[in-house]
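Colleague: So the chains spell out like this:
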Amino acid sequence: MIDYNCMIGQWPFRYLRKNTVDDLKKVHEKHQIESGYVSNLSSVFYHDPFEGDKILFNSIKDSQYKMVISMNVALPNLYRDIKMANESFAYEGIRIYPSIHKYDLKSSKFDEFCHMVKEANKKLFISYRMGDVRLDYLINQQLPDILSIKSIINNPYDLELYVLNLKAQEITALRDELFKSSSVFFDSSDIKHETFAREYLKEKGIDEKVVFGSFFPLYTFESNYLIYTKT
Amino acid sequence: MIIDMHAHLWDKNDKKDSETIIKVLDAFSIDKVFISTLQDYYPTKEDVKRYNKKTHDFMMRDSRIGGFIYTDPVHDNSIDVIKKGLDEGFSALKLWVSCLVDDQRVNKIAEFCIKEKLPILAHAFKKSNGQLPYETTAIHIRNLALRYPELVIIMAHFGGNSYDGIRCIEDLPNVYSDFSGTIFRGDDLSYAVEHLGAKRVLFGTDLPTGCLQCIGQVEGADLTNEQKELIYYKNTQRILGERV
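Residue numbers (our numbering), protein chains in the order written: chain A, 132 to 362; chain B, 26 to 269.
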């Protein structure tokens with residue numbers, strides 16, 4: 132099994148007790164998780180996310196983990212960032228955080244960004260939410276309009292796309308669009324609201340589009356592992 | 026052994042909810058669950074009567090189901106509702122969102138509960154958005170606990186946001202807390218145990234909405250087996266006493 136939604140690094144709003152690569156390895160090995168797509172939480176808040184990604188690169192090189200760089204589409208010179216990442220890192224994907232960085236997924240800048248991701252031949256990970264918005268502290272998340280997600284999963288850019296942290300019912304609401312592209316997936320990190328979540332997704336005929344995501348370290352790994360494997 | 030001390034039937038969906046709860050008990054080896062029935066934020070007396078009847082009917086159906094009485098402090102019959110529930114074998118009292126828990130109208134309920142050694146499970150949730158007008162937060166729990174140091178209060182959901190809730194009740198030994206609900210942030214349980222001690226943390230789920238996220242929190246935290254046992258069932262056994 133692969134963890135499509137895991138991170139290391141600092142979260143500025145609370146002290147994380149387990150947030151290093153070693154912590155991640157330990158919990159993955161305990162549950163026979165072979166690998167994971169890892170980002171650096173710190174990069175979400177750094178004005179130059181590249182600084183956090185350098186730390187991430189050095190932390191996971193020579194490990195089983197695949198690097199996912201973090202970008203803020205609202206920042207200038209995205210092309211430079213992707214070019215620098217291509218030259219500096221062996222990385223697999225780019226992760227974005229529109230609820231924190233607060234930009235419009237229907238903007239021309241986002242359109243331009245998606246073309247760059249395609250050109251770089253990288254996977255795109257979109258964090259729909261970074262935890263329960265009711266618990267926001269200092270920064271209030273601005274969740275993207277679900278219609279903008281709908282248009283993205285139609286996948287006009289022909290990307291390998293992972294939409295992270297959607298609730299089971301939100302994924303279900305997108306059902307008509309889900310199978311239009313074979314390279315669009317969702318992760319399981321926020322499907323908790325259905326008690327038998329996997330059974331629910333199977334009943335709706337969409338379980339095959341949902342991959343395992345723990346959202347470590349912001350969520351309890353064991354909780355999402357149990358939800359994915361036992362429901 | 027696992028005792029889930031915080032679960033619900035929703036009045037408009039009670040049949041499906043009861044099926045889900047039984048399925049969870051069977052699938053995840055939960056030995057006992059305590060439920061209350063809820064629906065409207067501001068119920069009528071008839072609503073409250075119907076909610077408690079649904080809880081009682083479910084209790085009669087399966088010995089693994091226990092009940093918490095739901096009463097609305099706003100109603101003039103709130104004590105009578107509790108008395109009836111005690112006669113019917115309910116185990117504790119549930120307060121929800123119709124009235125802040127430190128409202129003066131709760132005083133008579135608190136005094137009755139002290140006399141009857143009846144714990145109060147009080148909903149508490151501090152939200153950064155969407156707070157209901159009479160939705161209790163940890164500071165209201167604190168006010169009630171200081172007013173009645175003999176009253177046993179269980180603050181639900183770690184007060185919603187554990188970093189707000191736990192700090193408010195840390196120095197109040199008559200207040201316990203559960204981590205029921207869909208929030209399972211890494212470290213919340215560790216933080217609560219560090220500040221309250223394992224003896225003041227109770228296992229609850231908020232079923233029918235989810236269950237495994239709560240078991241995962243216990244299994245994922247760095248706890249001793251003794252601490253896990255306290256959280257999973259021993260604390261609830263101790264607090265509910267013979268009513269468990």
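Treat the hints loosely; a few may be bogus.
Here chain B is said to cover these stretches of chain A; the calculated rule only asks that three of the stretch's residues, wherever they fall, bring their Cβ under 8 angstroms from a Cβ of chain B [to be verified]: (1) 139-149; (2) 208-215; (3) 261-267; (4) 330-338.
The calculated lysine-lysine pairs, modelled on DSSO-like cross-linking and capped at a C-alpha distance of 30 angstroms, are [as the list claims (entries may be wrong)]: (5) B:K48 to A:K340; (6) B:K70 to A:K335; (7) A:K157 to A:K240; (8) A:K157 to A:K214.
Rather than coming from a laboratory, the hints here were simulated on the basis of the structure.
For glycine and all other residues, C-beta sits at the position ideal for the given N, C-alpha and C.
Colleague: For the stretch 139-149 of chain A, do three or more residues have a beta carbon lying closer than 8 angstroms to a beta carbon of chain B?
Modeller: With 5 residues closer than 8 angstroms to chain B, the stretch 139-149 of chain A meets the three-residue bar; holds.
Colleague: Do at least three Cβ atoms from the stretch 330-338 of chain A come closer than 8 angstroms to Cβ atoms of chain B?
Modeller: violated (count 0)
Colleague: Straight-line Cα separation of K70 of chain B and K335 of chain A no greater than 30 angstroms?
Modeller: violated, 39 angstroms
Colleague: Are 3 or more residues of the stretch 208-215 of chain A near chain B, judged by a Cβ distance of less than 8 angstroms?
Modeller: violated (count 0)
Colleague: Starting from K157 of chain A, check that the Cα of K214 of chain A is at most 30 angstroms away, please.
Modeller: violated, 33 angstroms
Colleague: How does the coverage statement for the stretch 261-267 of chain A fare against chain B, requiring three or more residues with Cβ below 8 angstroms from a Cβ of that chain?
Modeller: n = 6 at 8 angstroms, threshold three: holds.
Colleague: Need the status of pair K48 of chain B, K340 of chain A: alpha-carbon distance at most 30 angstroms?
Modeller: Status holds; Cα separation ~26 angstroms.
Colleague: With a cut-off of 30 angstroms on the C-alpha distance, tell me whether K157 of chain A and K240 of chain A pass.
Modeller: Roughly 39 angstroms separates the two Cα atoms, so the pair is violated.
Of the numbered hints stated above, those contradicted by the structure are hints 2, 4, 6, 7 and 8, listed in ascending order.
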